[in-house]
Amino acid sequence: MRQRGKFMFVVSALVAVHLLVLFAGFVAPYDYATQDRDHAYVHPTRVHLMDCAGRFHLRPFVYVTSLQEGALSDYREDCSQPAPIRFFTRGDEYLLAGLIPSQLHLFGVASPARLYLLGTDEFGRDQFSRIVYGGEVSLFAGLLAALLALVIGVLAGSIAGASGGWVDETIMRVSELFMAVPWFYLLLALRAVLPLKMDPVSAFILVVGVIGVLNWGQPARLVRGVVLSGREQNFVQAARGFGAGRLYILKRHLLPMTFSLALTQMAVLVPRFILAEVLLSFLGLGIGEPFPSWGNMINEAQQYHVLVSYWWMILPALVPVPVFLGYHGLADALREKLQSQVRFRGDK
Amino acid sequence: MIRSRLLSFRLAGLLVLCSLVAGAHAQQDLLVSTAESGIPGGKLVAALRSEPRSFNPVTADDQVSVGIISRVMADLVHINRATQSTEPALARSWTVSKDGTVFTVKLRRGLKFSDGAPFNADDVIFSFKVYLDEKLHSPHRDLLMVAGKPLRVEKLDSWTVRFTFPSPYATLERVFDTVPMLPRHLLEKDYLEGKIDQAWGLNTPPDKIVGLGPFRLKQFVPGERIVLERNPYYWKVDSKGQKLPYLDELTFLIVPSQDAQVVRFEAGDTQVISGLSADNFVALEPQQNSRHFKLYDAGPSLEYNFLMFNLNDDTQANAEVAGKQQWFRDVRFRQAVSAAIDRAAIVRLVYHGRATILSTHITPGNKLWFNKAIKPPVHSTDKAKELFKSAGFSWNSSGKLLDRAGQPVEFTILVSSSNAQRSQMATMLQEDLKQVGITARAVPMESRAAINRVLGSHDYDATIMGIASGDIDPTSDTNVFMSNGQTHLWHLGEETPATPWEAEMDRVLQKQLVTLNYQQRRKLYDRVQEIEAEELPLIYLVTPDVLVGAQETLGNFRPAVLEQYTLWNADELFWRTPAGKR
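Each protein sequence line maps, in turn, to chains A and B. Take 400 as the starting number for the first sequence in our numbering and just add one per residue. Take -14 as the starting number for the second sequence in our numbering and just add one per residue.
Honestly, the hints are just simulated from the structure, not real lab data. Be a bit skeptical, because a hint or two may be false.
[To be verified] Think about it this way: if two alpha-carbon atoms lie no more than 25 Å apart in a straight line, the pair counts; the simulated BS3-like pairs of lysine-lysine are:
#1 B/K203 to B/K28
#2 A/K596 to B/K385
#3 B/K419 to B/K370
#4 B/K368 to B/K357
#5 A/K596 to B/K419
#6 B/K114 to B/K134
[To be verified] Only part of the chain A face toward chain B is listed, based on derived beta-carbon distances under 10 Å:
#7 A432
#8 R436
#9 E521
#10 A591
#11 S659
What you are looking at is a predicted structure, and each value in this text was computed from that prediction instead of being measured. Cβ atoms here follow ideal geometry from the backbone N, Cα and C, with glycine treated the same way.
Work out the full structure, taking the sequences as your base and the hints as a guide.
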């Protein structure tokens, strides 16, 4: 029962995050690319319930901020200009779920006030909006790339493990090749043959494809190991003794054994692939400015001056943490579930 | 017995020392520095972004190697980085013939290389023979050629050398700066055997690398550090007669990233930091007092950053680029794009105010050649739209800019991903251009791949680049602006000037090269700048300030806007605190 509760919690949290990201335009108060150049490196906007005079307001509000004369990022609140936070406001236009044009936003404040929940970056772009939009790229690219790598990996690994002989030998050598080749240079070459102009959708497919295809080696080797050891198990030997075909054994006995491995791999690969996108962007193969992605936003925060001067720039690095924990939790829960099922079946 | 031998030994040593000092003053023709006289002793540590590739002055062409070599070697005539004008170095004096072709140099007498061997005209002759040798492809050779012909070098006597240029050359003495004089006694054998390009590699024992510079190589630990020690035979003294350099040791640590360099500087591991980004400058500023260092803004650098459209005419193979070039070739299009760019915002956001808006490739950091009459470009979306309209462009209902044929105006901006500032500028330009209806997409790319596209395959629409002039004299950039120049970036490999204004630019540039009078040259070069500000082959953006820092007790520290912003006067640097404290 406890396990079931945990499972449901993790799943609903992950579904919520993905929905949030899918409806990024609605959730984010601003557009991801709008540069508010008079508000560069603004620290997170303070949301007040008490005004300067000490009076309490039921509706949360913010003050209009402006840059101090001569300062670089010293913004002061103007007590004479409060702006209440409104829900379901009109703002920048966007495509809801990538399809329906809309101007409706979950929350916002009226200009000239700004609601930068997580501060702004060097161009005055809202970090909160960018993180929400960035999740679109990162979560789905990471997830799809991990799926792709796993599908190839499990297929190749189980075929290699189940067949043995020259098939095994060939697949394993190819996987080693994929792990050993200096991809940086090959990606440079790939960049050279591709056109400079790429729309975001093809860039997205490219990112998923490149990351997924390059990283199937490791899961394939792990899966092969599991399948190899599984082949020698008594019940598999017995099935073979009763005349079960190779495909049947693979499907019925060997592949189910790799599921828990595949799931843990998934939980490990997704976060890694989200960061891998940074390298691709560096080479001009990624999503690229002004489209945000978590990888690129984290990369931005790795500079010395950002770390010492603008602490809110580190927030993009913290946001993915609960998401990654969620993935790990999901993988754990699924594995336990599967194992208990196997055990249950075994007891019977 | 033993004691007396020791004593006599010491005495003998003392005698030798005395005679050396006396001899030095009697014969040596030393240069007296005008800088503040300091306290000898102490060590200075600085950082390098990568390790040198070679110590060979003949072949080295990367900045780091050249930087080390110029601490160890000396030139005949030197450009003072602070005043930006030439001053005597190994040459005591020189004369220039009336027609500006013959340059006669009197050398300082009695100078010695860092191994104690004497220096005279034979070394000078040997050095130029090596640099001018076609087979060696020395990077110095290009600079020593005028109109495709090398200069001629003759020895008149042991202390006099005559250089004859094939045609009058306006900046003749400036070409000798950073052309190091080689020790003939060590390198002639290698040269005759045809092996000089392999001499003085990173594995050469330090004491075999010999020069006339203020320091000599003491130790090189690959990947970690280079230690230079004081050259006891150096030929400069201060106003009190103390021999320069003051520092006993000059160490360079190899610290690959600027962020890491900042941390090392903050921790006191290095005492000088050069080429700071504005971001890091701002981050370090508040700690100046507590950490006892001082940051300097030396003013606008000689680096010009620009947006450039592809105007090459060999792009037929690439229909997409070729199609867009009809926009790019229209000067009104370029002017409109220029007007759409909010340069003030770039200065503010990318450089935190430590940069200057540019209108030509001569930055305000260049005191002698900057054309004040040309007004900096003004940001005006209205003016941009007017210019687009006059060039036949229009807008559709959703505000997108369309050309005459109804095609939406879209292009990519290639930018090197290793340069953070230029990437940021590209992001800002995208937003600026969106305001006038243009969809511009910034494509960051690894820098070598980006350069290959610009110089090699010409497969790009537009790019943001930056060039740092090597010298204030405009001659150093002729290669970019002459239509047949090797780095005529926007249109490479032109046989004849493609446009009337390029033809005029060629004529004026040629003329200023052989004009000897500064005022007349200045007038000609003002014209060059007028042409480029009007025609905008390069749409200039901004020039960053030179930002550096040093421990506050480092004396004679004078950052300059010419390359090697900080350690150019390493021979004059000294510690104000007693040596024991460091």
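Status of each hint after checking the structure:
no.	hint	in the structure
1	B/K203 to B/K28	holds, 13 Å
2	A/K596 to B/K385	holds, 18 Å
3	B/K419 to B/K370	holds, 12 Å
4	B/K368 to B/K357	holds, 23 Å
5	A/K596 to B/K419	holds, 16 Å
6	B/K114 to B/K134	holds, 14 Å
7	A432	holds, 7 Å
8	R436	holds, 5 Å
9	E521	holds, 6 Å
10	A591	holds, 7 Å
11	S659	violated, 40 Å
Violated hints amount to a single one, hint 11; each of the other numbered hints is respected by the structure.
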